[in-house]
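Take the sequences, apply the hints, and build the full model.
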Amino acid sequence: MKPLSKENTAGIQSGVPNAGKNHKTKPLVMLVVLVLIFVFTVWLGSLNFWLRLIKAGTEAGIIGGLVDWFAVVALFNHPLGIPIPHTAIIRNKTEEFAEGAYDFVIKNFSDPNKASQFVKEREPARHLSEWFKQPKNSDAAAKIVTTSIPLLLTPQSDSNIRTFLIKTIVEELRKQNISPVVGRLLEQVYRRKHHQEIVDILIGVAKKFLEQNPGVLRETVAERSSWWIPGFLDRRMADIVEASLLEKLDEISDPNHDFRRRIDTVVETLIEDLKHDRFDAYKIRDFWQRFIGSEQTGQLIGGMWTDIKKEMLDEDGTGTEKLKDKLASLFQALGAYLNEDVGLQEEIDNRLSKLVERTAPDVVELVATYIRDEIKGWSGDEIAAKMEAAVGNDLQYIRINGTVLGCVVGVLLFLAVEAVTLI
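When we follow our numbering, the leftmost residue of the sequence shown carries the number 1196, and every step to the right adds one.
Any given hint could be a false lead.
Using 30 Å as the maximum straight-line C-alpha spacing, the simulated DSS-like pairs for lysine-lysine come out as follows [said to hold, decoys possible]:
no. : residue 1 : residue 2
1   : 1328      : 1549
2   : 1288      : 1219
3   : 1521      : 1331
4   : 1362      : 1478
5   : 1517      : 1331
6   : 1521      : 1338
7   : 1581      : 1571
8   : 1388      : 1402
9   : 1219      : 1250
10  : 1302      : 1315
11  : 1370      : 1478
12  : 1443      : 1402
13  : 1221      : 1581
14  : 1302      : 1288
15  : 1338      : 1328
16  : 1443      : 1403
17  : 1517      : 1328
18  : 1403      : 1388
19  : 1221      : 1250
20  : 1571      : 1288
21  : 1302      : 1517
22  : 1309      : 1549
23  : 1388      : 1315
24  : 1362      : 1521
These aren't lab readings, by the way, just hints derived from the structure by calculation. No experiment lies behind these values; they were computed from the predicted model shown.
Take a look at the structure:
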């Protein structure tokens, strides 16, 4: 079928088949010409071979044109307004047409495997990365995001957003069982040996404190010592303890020290207890509920929103040019990074394909239902007009083809009869 022209599109939108009128003229003119030629041959009366050949061809052409005219008109209307059975098919079959369109979409487009394969073959992640790499595209994407922000940041909406964020985030966090989450986070810290880095920091802080405050242990021992113990003995004991502490801190600074290994064991046990909700789970949950529900947490979340606004807005508090530039740079950087990481592209494509595989039947069902209900809402006249506007131009060529074919068949039959007569 030929692409729809502007006239066709206008015809479809208006529901009036005005786009097909120009093409209706061609078969009509051809039919009129054949009728005139046929009448001329009849008027001549006695005819030679060639005139009889022309008469036979035009006669059959007229019949073929009229038959195909009837067939084309019968699809959309009653020929000559006469309610002949099995005519105006589309006009009288709105319900069946709607159900047929629904079944066609469901049967041919709801296969999740085909939809998933379609996504994979198109490589959306690669195309997206190439698109974002172009500065004009990243700028356009950033502009789309930022144009809606002023509408969200009016005084009234700002207050509503703040309240919504606090309520939503707090309520969602309340539902979380924090122990396994903390366990998984601590596991990531452990795998990267960050807990040993924390131990190193604590050792350094303790050594620095003792070195910068050499008399602190003497004062502590003197305050807690009994009256009958001589002062020089207290000082001597304090110096010994201080030296021992510094020596011990130097020893456990060694990553292979047995103390560090015991820390690993303690952390491993703690991780397993947290992940399986065994480490005083009720105490952790109670603490979490009190922490999340506290006024300070709400203020923290509200403050985060204020900080985000400051980052999004320009100095005058209204513009978004600063944010647009940051988003454009971010999109472009993401595009460049994604373009270089083939593995990430494959991961994104796989996830998208799985998402499409899960959602394709539901989406197609939704689209098919919309099409069916929309068609059912059209009247018989409206659907006939829309269909004729969409395909009527091409259907007029059926009349032309029928007329031409009729002429050819008429000529061939005439020649066949003449040949038999001569035999």
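Quick rundown of the hints versus the structure:
Of the pairs offered as hints, the one joining residue 1328 and residue 1549 holds, with about 26 Å between alpha carbons and a cut-off of 30 Å not exceeded. For the proposed pair residue 1288 and residue 1219, the alpha carbon gap of about 24 Å is at most 30 Å, so the pair holds. Taking the CA atoms of residue 1521 and residue 1331, the gap is about 14 Å. The hint holds against a cut of 30 Å. Between residue 1362 and residue 1478 the alpha-carbon distance is near 24 Å, which keeps this suggested pair within the 30 Å criterion.
For the proposed pair residue 1517 and residue 1331, the alpha carbon gap of about 17 Å is at most 30 Å, so the pair holds. This hinted pair checks out: residue 1521 and residue 1338 have alpha carbons roughly 11 Å apart, not beyond 30 Å. For the hint pairing residue 1581 with residue 1571, the CA-to-CA distance comes to about 13 Å; that is within 30 Å, so the pair holds. Only pairs whose Cα atoms come within 30 Å are accepted, and residue 1388 paired with residue 1402 is accepted, the gap being roughly 22 Å.
For a cut-off of 30 Å, the pair hint linking residue 1219 to residue 1250 stands: about 25 Å separates their Cα positions. Simply put, residue 1302 and residue 1315 have alpha-carbon atoms about 21 Å apart, close enough for the 30 Å limit, and the pair holds. In summary, the hint linking residue 1370 to residue 1478 is supported, as the alpha carbons are separated by about 16 Å, within the 30 Å threshold. Straight-line distance between C-alpha atoms of residue 1443 and residue 1402 comes to about 10 Å, which keeps the hinted pair within the 30 Å bound.
Taking the CA atoms of residue 1221 and residue 1581, the gap is about 21 Å. The hint holds against a cut of 30 Å. Distance check on the hinted pair: residue 1302 and residue 1288 sit about 21 Å apart at the alpha-carbon level, within 30 Å; holds. Straight-line distance between C-alpha atoms of residue 1338 and residue 1328 comes to about 16 Å, which keeps the hinted pair within the 30 Å bound. Of the supplied pair hints, the one linking residue 1443 and residue 1403 holds, its CA atoms being roughly 14 Å apart against a limit of 30 Å.
For the hint pairing residue 1517 with residue 1328, the CA-to-CA distance comes to about 20 Å; that is within 30 Å, so the pair holds. At roughly 23 Å between alpha-carbon atoms, residue 1403 and residue 1388 fall within 30 Å of each other, so this suggested pair holds. Restraint check for residue 1221 and residue 1250: the C-alpha separation of about 21 Å stays at or below 30 Å, so the hint holds. Between residue 1571 and residue 1288, the direct Cα distance comes to roughly 10 Å. Compliance with the 30 Å bound is thereby established for this hinted pair.
Pair hint residue 1302 plus residue 1517 does not hold up; C-alpha atoms about 50 Å apart against a cutoff of 30 Å. With a C-alpha separation of about 11 Å, the suggested pair residue 1309 and residue 1549 falls inside the 30 Å cut-off, and the hint holds. Between the alpha carbons of residue 1388 and residue 1315 the distance comes to roughly 39 Å, so the proposed pair goes past 30 Å and is violated. Proximity of residue 1362 to residue 1521 is assessed by CA-CA distance (about 29 Å); at most 30 Å being required, the pair is judged to hold.
Comparing the model with each earlier hint shows violations of hints 21 and 23; every other hint is respected.
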